[in-house]
Amino acid sequence: MALGTTAKIDPVNGWQIVDDKLYLNYSRDIQKKWQKDIPGYIMKADRNWLGVLD
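Heads up, the sequence shown is in my numbering, so the first residue is 1125 and it goes up one at a time.
Think of the hints as simulated: they come from the structure by calculation, not from any bench.
No experiment lies behind these values; they were computed from the predicted model shown.
Glycine included, C-beta positions come from ideal geometry on N, C-alpha and C.
Check the hints yourself; a few may be wrong.
Unchecked claim - Derived lysine-lysine pairs resembling DSS-like cross-links, with alpha carbons at most 27 Å apart:
{"no.": "1", "residue 1": "K1168", "residue 2": "K1157"}
{"no.": "2", "residue 1": "K1168", "residue 2": "K1132"}
{"no.": "3", "residue 1": "K1156", "residue 2": "K1168"}
{"no.": "4", "residue 1": "K1145", "residue 2": "K1157"}
{"no.": "5", "residue 1": "K1145", "residue 2": "K1156"}
{"no.": "6", "residue 1": "K1145", "residue 2": "K1168"}
{"no.": "7", "residue 1": "K1157", "residue 2": "K1132"}
{"no.": "8", "residue 1": "K1160", "residue 2": "K1145"}
{"no.": "9", "residue 1": "K1132", "residue 2": "K1156"}
{"no.": "10", "residue 1": "K1132", "residue 2": "K1145"}
{"no.": "11", "residue 1": "K1132", "residue 2": "K1160"}
What the hints assert, rightly or not - DEER-style ranges, computed between Cβ atoms:
{"no.": "12", "residue 1": "I1162", "residue 2": "P1135", "range": "18 to 24 Å"}
{"no.": "13", "residue 1": "V1176", "residue 2": "W1139", "range": "24 to 30 Å"}
{"no.": "14", "residue 1": "R1152", "residue 2": "G1175", "range": "14 to 20 Å"}
{"no.": "15", "residue 1": "N1137", "residue 2": "D1161", "range": "16 to 22 Å"}
{"no.": "16", "residue 1": "R1152", "residue 2": "T1130", "range": "16 to 22 Å"}
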């Protein structure tokens, strides 16, 4: 969602709970990248979320 699009996820390695919210990633490599800037990626995803729902 941080990139403004949806994607399939890795249900084994591609998730993390942050502040009681579940966040999903599509691969272990992306999960590692996401963990380097969790607040930044959450902010990007929050901005894109409403546009993807339209």
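Do the hints match the structure? See the list:
| no. | hint | in the structure |
| --- | --- | --- |
| 1 | K1168 x K1157 | holds (14 Å) |
| 2 | K1168 x K1132 | holds (18 Å) |
| 3 | K1156 x K1168 | holds (17 Å) |
| 4 | K1145 x K1157 | holds (19 Å) |
| 5 | K1145 x K1156 | holds (18 Å) |
| 6 | K1145 x K1168 | holds (15 Å) |
| 7 | K1157 x K1132 | holds (17 Å) |
| 8 | K1160 x K1145 | holds (18 Å) |
| 9 | K1132 x K1156 | holds (17 Å) |
| 10 | K1132 x K1145 | holds (18 Å) |
| 11 | K1132 x K1160 | holds (21 Å) |
| 12 | I1162 x P1135: 18 to 24 Å | holds (20 Å) |
| 13 | V1176 x W1139: 24 to 30 Å | violated (18 Å) |
| 14 | R1152 x G1175: 14 to 20 Å | violated (27 Å) |
| 15 | N1137 x D1161: 16 to 22 Å | holds (18 Å) |
| 16 | R1152 x T1130: 16 to 22 Å | holds (19 Å) |
Of the hints listed earlier, those the structure fails to meet are numbers 13 and 14, in rising order.
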